[in-house]
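Residue numbers (the working numbering), protein chains in the order written: chain A, 1 to 246; chain B, 1001 to 1323; chain C, 2001 to 2304.
Hints were generated in silico from the structure; no laboratory data involved.
Glycine is no exception: its CB is placed at the ideal position from the N, C-alpha and C atoms.
Heads up, a few of these hints could be off.
[Said to hold, decoys possible] Every beta carbon over 10 Å from chain B, so not counted as near; a handful from chain A, in silico: (1) Phe-16; (2) Gly-67; (3) Thr-86; (4) Thr-108; (5) Pro-111; (6) Val-118; (7) Ala-153; (8) Thr-173; (9) His-186; (10) Ala-200; (11) Asp-234; (12) Val-242.
[Said to hold, decoys possible] Stretch-level coverage of chain B by chain C, calculated; a stretch enters the list once three of its residues show a Cβ under 8 Å from a Cβ in chain C: (13) 1108 to 1114; (14) 1125 to 1134; (15) 1260 to 1270.
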Amino acid sequence: MSQPPLLALEGVTKRFGGLTAVSNVSFTVPAGDLLGIIGPNGAGKTTLFNVISGYYRADGGRVVFAGQDVVGQAPHVICRLGLTRTFQLVKPFGHLSVVDNVMIGALTRLPTLRAARVEAERVIEICGLGSHASAHARTLPIGLRKRLEVARALATRPRLLLLDEVMAGLNPTELAAMIELIQRLHVDGLTVIVIEHIMAAMMRLARRIVVLHHGERIAEGPPAAITQDRRVVDAYLGEEFVLAQA
Amino acid sequence: MIARLRSRPGAVALFGLAALTPLFVRDAYFLDSLVLILLWGALSAAWNVAGGYAGQVSIGHASFFGLGAYAAALMVTRFGRGPWLGMLVGVVLSLGAGFIIGFLSNRLRGPYFALSTIAFSQVLLIGVSRWRGFTAGGEGIPVPFRPGFTTLGLGHIAWVYMALAAALLCYAVEVYLERSRLGYRLAGVREDEDAAEALGIPTRRLKVLAIALSAALTSICGSLWAQYVGFVDPTYVFSVDLSVKFALNTIIGGMGTALGPYLGSILITSLETYLRATFSGVKTGFAGIYLIIYGTVLILVVRFVPDGLAGFASRLRARRAHA
Amino acid sequence: MDPARRLGPAQIDVLAQLAVATVLLGGIYALIAVGLTLIFGIMRVVNFAHGEFLMLGMYLAFWAFALYAVDPYVVVLISIPVFFVVGLVTYVLVMRGVIQASHNVQIFTTVGLSVVLQNVALVAWAGDFRFVRPWHLSTVIRAGSTTFNLSQVVAFLIAVGLTVALVAFMKWTHAGRVMRATAQDRDAATLMGIDTDRVYRLTFAIGIAAVGAAGVLVAPLYAIYPTAGLQFVLLAYVVVVLGGLGDMFGAMLGSFIVAAVEVAGSYLFGTAWKEIFYFILFILVLVFRPAGLFGQRGAETLGV
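Looking at chain A on its own, in the form it has when it is part of the complex:
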C-alpha cells in the first residue's frame, strides 16, 4: 500500500495585487524524494517556497504537509511540524558563532543548551564546518555561509528540507562538496526539495524536476526528459545557456 505523500500542493495560487506570482501549482512529494524545481528568473520559485513555508499565505489551493493543510500557519509552526527552509540570500546570525547559529536550530527540538551543543557539533561535522566552529558567522565567506545555512536548517531535524539556490556563488570545489552533502543527506533518508539555477548541479541531484514559468507548472518529470521538453526550452528563451549546462 503506498503511503500518502509527505508534501502535496493542490492548486496553490498566490497573487500580489494585480500580479499572479504562483498560479494553480500542484505536485506531490513522496517521503524520501529529492525533487528539483527550476524555471527562468521570475518564474515564482522562491515565492512558492515562501508560500509552502508559511511566509506568504496562499490565496487559493492547499498545502498539505504530513496530512495537514498548513495554509495560514506561521512559519515557526510549520517548522515544528517538520518542514524547514533556507533562504536564497543567506541569513546567518552574524554576530554569533557558527556553533551558536547551529545550536539555535537544534534548540527547536532539544530542551537544553548542552544537548543542543552536542547536536550542533554533530551537524557541523556532517556539513564540513568543523574548522570554523567558533568563527563569527559574519566573518565567513559566501561558500561557508551557504553551508552554515544548510547546517542550521539541518539541526532542526526536519522531515522535509527546502533548499533555495544553495549553489549560487560557490566555486567548483564548494559546489561539488555541496552536491555531495545533499546527496548524502538524501541517502540517509531526508526528503529534499531543491530550487536551483545551476543545471549541472540539478541534473546530478534530482530524480524528478518540476518546471515553473510565469508562476505555472509547465512540466514535470525526470531530468533527461525535462531538458528535451519543448515547452521548457521555449520558457528558457534568452537564457538558453542555463539549459545548455545540463
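Based on these hints, arrange chains B and C on the given structure of chain A.
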C-alpha cells in the same frame, strides 16, 4: 556555583564592592550615589533585556518606570496601603503596557517602533498630568517617609542593599538570557527574525515576552525609586530624557552584555553627581547641561565605540591573547 | 488664538469654520511634512530631531520679534538660508555617518541630536513658555460666517508658496531630478555617476530649511518652549506615513487629513487634550494604516 562566579569576575568585583562599601563608608552622600548607581544600573539592565537581548530598541521605557513610580506613590498616599502592594500593582499595569508595546513591535520595525514607544510614554505623561482628581496632576505626589521595611522607609545603608537586590535581580535575568534556551532563541530573533521563524522560533511571542519582562523589571525599579527619592513628578518619570538615559547607560557599557548597563551607570551617574555638585546653584542650567553631554556622548559612542566599554574590554583581552 | 474655539449654534457655520481652520493648519503641516518626506524618501533615515529644528525656528521668530521687533513673516525670508546652512552643518557633522549605518545607530544618533538641541535651547533660553504676538495675530478676517485671523492666513499663504516652490524644484530642475533618482535607487544612482553625498547634503539642507521656515510661521500660533518640537515631529511622521514615504503630494494630502483630525478633535474635546491626540493618532495610524492611504507596500515594516 563557584565556577560560575569565577567566569564573571567583573560582576563579582562590582557587586561585591557595592555590598562591602556600607561596612566601611558611612558618608550619606557617597551612599546616596551608590544607591543611584545601582538603581540606574538596574533600570538600564531592564531596558537591555528588550533593547540589547531581544533587539527591540525602545525610547519609551519611562512609561513603565512612571507606572511603577505612580503605583507605589498612589498606593501609599491615596489608598493608605504599603508600597510593596503598589509595586505589585505597578508590575501588573506595566505588564499590560508591555503587551501593548509588544504588539506594536510586531507591527513596526526599527525607528518606527522607537517613535511609537515615545508616543506611548507621552500619552501617559499627558494623561497623568491632566488627571488631577486621581494623580494630583502636574504637581506631582510627595511620598511620605515612614520608617520600616514594609513601608520602604529605610536608612541609607538599608537602601544600598535594597538597590543592590534590584540590581542583582536584573543582572540575574540578563545572565539567564545568556545561558538559556529562551535566551539563545531570543538572540536568533534579534539577529534575523525571518531566519529565526524558519527555525521554529515563535518570534512574535518571544518579542512580546521580552518586552513584558523588561517592563516588569523597570516598573519594580520605578516603585523603589519613588520611595527612595520621595517625590513623583509626571514630567520627569514619563519623560523621554529618562528613557534615553536607560539606553545611554547600556550603550556606553555595552548593549547586549550583562554587565554593560552597570558599567555605563557607574560612569554616567558619577558624572551626574559631580555635575550636580558643581552646578548646584543654577538649577535649570544643570539639568540642561548634563543632558547636552548625554546627547553628545550618545552620538559619539554609538558611532565610534558601538560595542561600548564591555566590547572594548573584550577586544583588549583578545588582542592580549594574541600578542 | 485657537483656530477651533467654540462658536454659535449654526451647524454649517461650525463646519465651515472648521474647514477653514483645517485648510489653514494643513498648509503649514504640509510644509513640515514635505521636507520630512524628502529626507526620509531620499536618505531613508528617520530623523528623530526633526521637530527640534522647528522649535529652533520658533525661537528665531521669537527673538527677532522680542529684540528687534521684526515680524515673523519677514523673518521667514532670513530663516530659509539660515536653516539651509544649519542643515548642511548638521549633515556634515552628524548625519553623514549615519546614512549607511544600522537602524540602531540612526535611532540613537538622531535621538542624541534631539536631546542636545532641546537642552541647548533650555540652557540658553530657559523653559518658560514664550509667545510671539504680532499685530496681525489679533486681526480678524471675516468671510461669510467664518472668521479667522490674519496670522493664520499669511502663514498659510507663505507655507503654500514655499511648498509649491519645493515641488517645482523637485520636478523641473536638474538637481531635483537627480534627487528623485537617488530616492528610487541609490545604487543605480551611484553607478550613473551621481554623487550621492552631495544629494543627501542638499536634501537634508532643504528639509531643514523647510521645517525651520515652518517653525517661524507657526511661532505666533503656538506656545514656544524647548520641547515644543516633539508633538510636531510625531504629527509630521503621521503625515509622511499616511501619504506614503517620499511622496510629496501624498504628504500634502496627509497634512490636510491630520489637520482635519486635529481641528475636529479640539472642537469636540477641547484643547487641553489636543496634545494627546497627536500621539494617539500616531499610534493608530501606524497600527492600522502602516501602508499609507495609497497602500504603499513595505511601509508596515518600514524597510528603511
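Hint check results:
1. Listed as outside the interface, A/Phe-16 is consistent with that label: its C-beta sits roughly 18 Å from the nearest C-beta of chain B, beyond the 10 Å cut-off.
2. The beta carbon of A/Gly-67 sits about 19 Å from the closest Cβ of chain B, which is more than 10 Å, so the claim that it is off the interface holds.
3. At roughly 8 Å from the closest C-beta of chain B, the C-beta of A/Thr-86 falls inside 10 Å, breaking its exclusion from the interface.
4. Once the 10 Å rule is applied to beta carbons, A/Thr-108 is inconsistent with being away from chain B; the minimum gap is 4 Å.
5. Not every beta carbon of chain B lies more than 10 Å from that of A/Pro-111, the smallest distance being close to 7 Å; the non-interface claim is violated.
6. Taking the minimum C-beta to C-beta distance to chain B, about 14 Å, the non-interface status of A/Val-118 holds against the 10 Å cut.
7. With 10 Å as the threshold on Cβ separation, the claim that A/Ala-153 sits away from chain B is violated: the shortest Cβ distance comes to roughly 7 Å.
8. The claim that A/Thr-173 lies off the interface holds: its Cβ sits roughly 26 Å from the closest Cβ of chain B, which is beyond the 10 Å cut-off.
9. Non-interface call for A/His-186 relative to chain B: holds, since the shortest CB-CB distance, roughly 20 Å, exceeds 10 Å.
10. No beta-carbon of chain B comes within 10 Å of the beta-carbon of A/Ala-200; the shortest separation is about 27 Å.
11. For A/Asp-234, the requirement that its beta carbon stay farther than 10 Å from each beta carbon of chain B is met, with the minimum near 34 Å.
12. Taking the minimum C-beta to C-beta distance to chain B, about 27 Å, the non-interface status of A/Val-242 holds against the 10 Å cut.
13. Figure legend: the segment 1108 to 1114 of chain B, annotated as covered by chain C; annotation consistent (6 residues with Cβ-Cβ distances under 8 Å, at least 3 required).
14. Look at the segment 1125 to 1134 of chain B against chain C: 3 of its residues bring a Cβ nearer than 8 Å to a Cβ of that chain, three or more, so the hint holds.
15. Given a C-beta distance limit of less than 8 Å, the hint that chain C covers the segment 1260 to 1270 of chain B is violated, as 0 residues qualify and 3 are needed.
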